[in-house]
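Colleague: One letter stands for each residue in the lines below.
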Amino acid sequence: MQRHDEIPSAGAVKVVRKPNGLGKNLITAAVIGWFLVMILVPVIGIVKQAFGSGWKPFISSLLTSATGHSFILTLAITAAAVVLNTFFGVILALTLVNQRFPGKLLFEGLVDLPFAVSPVVAGFMFIILFGPKGWMGQWFEAGGVKIVYAVPGMLIATLFVTLPFVAREIIPVLREFGLEQQEAAYILGASRWRTFWRVTLPSIRWGLAYGVTLTIARAIGEFGAVLVVSGSIINKTQTATLHIHQEFTDFNYVGAFSAAIILALLSFVILTAMQRLNRRKGV
Amino acid sequence: MVLRGLSFFYVGLLIILPILAISAEALKGGFPNLWTNITAPAALASLKLTFLTAFMMVILNVITGTATAWVLVRYEFPFKNLMNALIDLPFAIPTVVTGIMLVALYGPNSPVGGFMEKKGIDIIFARPGIIMALLYVSFPFVVRAVQPVLQEMDKDMEEAAKTLGARPFTIFRRIVLPTLLPAVLTGAALSFSRAIGEFGSIAIVSGNIPFKTQVASVYVYGELESYNPQGALGLSVVLLLCSLLILIFLNRLQVWSRKHAAA
Numbered sequence: 009m010q011r012h013d014e015i016p017s018a019g020a021v022k023v024v025r026k027p028n029g030l031g032k033n034l035i036t037a038a039v040i041g042w043f044l045v046m047i048l049v050p051v052i053g054i055v056k057q058a059f060g061s062g063w064k065p066f067i068s069s070l071l072t073s074a075t076g077h078s079f080i081l082t083l084a085i086t087a088a089a090v091v092l093n094t095f096f097g098v099i100l101a102l103t104l105v106n107q108r109f110p111g112k113l114l115f116e117g118l119v120d121l122p123f124a125v126s127p128v129v130a131g132f133m134f135i136i137l138f139g140p141k142g143w144m145g146q147w148f149e150a151g152g153v154k155i156v157y158a159v160p161g162m163l164i165a166t167l168f169v170t171l172p173f174v175a176r177e178i179i180p181v182l183r184e185f186g187l188e189q190q191e192a193a194y195i196l197g198a199s200r201w202r203t204f205w206r207v208t209l210p211s212i213r214w215g216l217a218y219g220v221t222l223t224i225a226r227a228i229g230e231f232g233a234v235l236v237v238s239g240s241i242i243n244k245t246q247t248a249t250l251h252i253h254q255e256f257t258d259f260n261y262v263g264a265f266s267a268a269i270i271l272a273l274l275s276f277v278i279l280t281a282m283q284r285l286n287r288r289k290g291v
Numbered sequence: 024m025v026l027r028g029l030s031f032f033y034v035g036l037l038i039i040l041p042i043l044a045i046s047a048e049a050l051k052g053g054f055p056n057l058w059t060n061i062t063a064p065a066a067l068a069s070l071k072l073t074f075l076t077a078f079m080m081v082i083l084n085v086i087t088g089t090a091t092a093w094v095l096v097r098y099e100f101p102f103k104n105l106m107n108a109l110i111d112l113p114f115a116i117p118t119v120v121t122g123i124m125l126v127a128l129y130g131p132n133s134p135v136g137g138f139m140e141k142k143g144i145d146i147i148f149a150r151p152g153i154i155m156a157l158l159y160v161s162f163p164f165v166v167r168a169v170q171p172v173l174q175e176m177d178k179d180m181e182e183a184a185k186t187l188g189a190r191p192f193t194i195f196r197r198i199v200l201p202t203l204l205p206a207v208l209t210g211a212a213l214s215f216s217r218a219i220g221e222f223g224s225i226a227i228v229s230g231n232i233p234f235k236t237q238v239a240s241v242y243v244y245g246e247l248e249s250y251n252p253q254g255a256l257g258l259s260v261v262l263l264l265c266s267l268l269i270l271i272f273l274n275r276l277q278v279w280s281r282k283h284a285a286a
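From first to last, the protein sequence lines stand for chains A and B.
Per the numbering used here: the first sequence = residues 9 to 291.
Per the numbering used here: the second sequence = residues 24 to 286.
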């Protein structure tokens, strides 16, 4: 390396310098090596461990009712979070792009907050707000509805951590080509509703789909916030990630590894979807 | 009006009210109480560990992330597209699964972990495990922040510098680095923000030993689990303030780099 660098610095103008082949290969090898060791090898490691004692323990640990319940609850919460956050995410994006109001910058900044807040702190905030003595909790308590330490609280926590995804993905799309076309359609006599369905929605659909995919990934994987508000009662308030944690702390490693593999497989499906959508978005 | 009302309702209920509620709760006990909670020895130790591991991760992540983006944009190599697709894997994998994966690979019962243990190096239930977990969950941030800027970057300036006799290192330092700096800082800030709040992977990997491997988020969880919400308040407020500061920093950075680009 040293000698290689000295040649051009000597001012040899005649030497047409080729791209630094050695350095290039070294950097590429280092990057690939780091990526393999840090990111990919762990995925292989878990597969090996889960099947360490064959297929049978793997399958039977997945077939327990606790595992089944936890995956069903995860799917239910994810579905609800996707519906609500898609609906409100689109509304939020439309508000932030099309409207002006005092404090808008601050408001827009607050929408990003769930990305930055620790999930444990998020869960804690909801315990305070929706707990039996909390500002909101009192109301629900009076009506006999339990939020914290129950499924509604877990949904709220999931809503919080996934709130920005849809809005964040479609805001740039709307800013880029949405507004003029929307205005044109509106001036030409289309109702607001028709403008939305015929003009706005088609232009944001890939960004929207991408945001929904990110929401799904995060909702399935959320752990800290949901753990804090759940109280974690087996069969009742355990999601898949909580179940994995429970198995792990109970030293039932095969159970933890098996369920973790299912979630890892789901992640690969989600990643493939992200990739496809990313290409579409780019077009 | 309906749109705005619905937006205010949703963000108000899910983001603004919870923050106001935790702030009110923290202020109710008074500052001295809060201060006592924050400066409790175990709390302070966990806070120190959180920042220490986060800093170490960010330094490693900035170097490897920038190099990864560079290689992906500038060089050709086999399976490049596959690798580019897999960069986002840590965002798709649940953090608990990340923790479990690291235990499966480096835990005392695994071949790699067993070997390391014989050499006297503990990874799982020790600090290296925390840093590895943080590196895993925040790996995409720097890569994905730097990559688009590199793609847009004109090679003209680099080539001009080269023909004028600049060495590769000089070109990197004087031309490439200043252009990439805002993106690198953005990636670093996002990684750092993720790291100080990270819980799932660390809860699995670290063993949560007070004064040794307990980070701030796990400390908060521990206090909540042992029905001591007052004790959890102090560090929660600290973490929340850190999140706000990082968001403001990111916002400033965006404004600054936009001005920079326009000039």
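Any given hint might turn out to be false.
[Said to hold, decoys possible] Okay, the calculated bits of chain B under chain A, using three or more residues with CB under 8 Å as the criterion:
{"#": "1", "region": "71-79"}
{"#": "2", "region": "138-145"}
{"#": "3", "region": "173-186"}
{"#": "4", "region": "203-209"}
{"#": "5", "region": "253-263"}
{"#": "6", "region": "277-283"}
[Stated by the list, open to error] For lysine-lysine, the following DSS-like pairs were computed, each having C-alpha atoms within a straight-line distance of at most 27 Å:
{"#": "7", "chain 1": "A", "residue 1": "K32", "chain 2": "B", "residue 2": "K141"}
{"#": "8", "chain 1": "B", "residue 1": "K142", "chain 2": "A", "residue 2": "K56"}
{"#": "9", "chain 1": "B", "residue 1": "K178", "chain 2": "A", "residue 2": "K32"}
{"#": "10", "chain 1": "B", "residue 1": "K141", "chain 2": "A", "residue 2": "K56"}
{"#": "11", "chain 1": "A", "residue 1": "K141", "chain 2": "A", "residue 2": "K244"}
{"#": "12", "chain 1": "A", "residue 1": "K154", "chain 2": "A", "residue 2": "K141"}
{"#": "13", "chain 1": "A", "residue 1": "K154", "chain 2": "B", "residue 2": "K282"}
{"#": "14", "chain 1": "A", "residue 1": "K112", "chain 2": "B", "residue 2": "K141"}
{"#": "15", "chain 1": "B", "residue 1": "K235", "chain 2": "B", "residue 2": "K142"}
{"#": "16", "chain 1": "B", "residue 1": "K235", "chain 2": "B", "residue 2": "K71"}
{"#": "17", "chain 1": "B", "residue 1": "K71", "chain 2": "A", "residue 2": "K32"}
{"#": "18", "chain 1": "A", "residue 1": "K56", "chain 2": "B", "residue 2": "K103"}
{"#": "19", "chain 1": "B", "residue 1": "K141", "chain 2": "B", "residue 2": "K282"}
Hints are computed from structural coordinates only; laboratory data are not their basis.
C-beta atoms are modelled at their ideal positions from N, C-alpha and C, and glycine is treated no differently.
Colleague: Can you list which hints this structure breaks, lowest number first?
Modeller: Violated: hints 1, 2, 3, 4, 6, 7, 13, 14, 17, 19.
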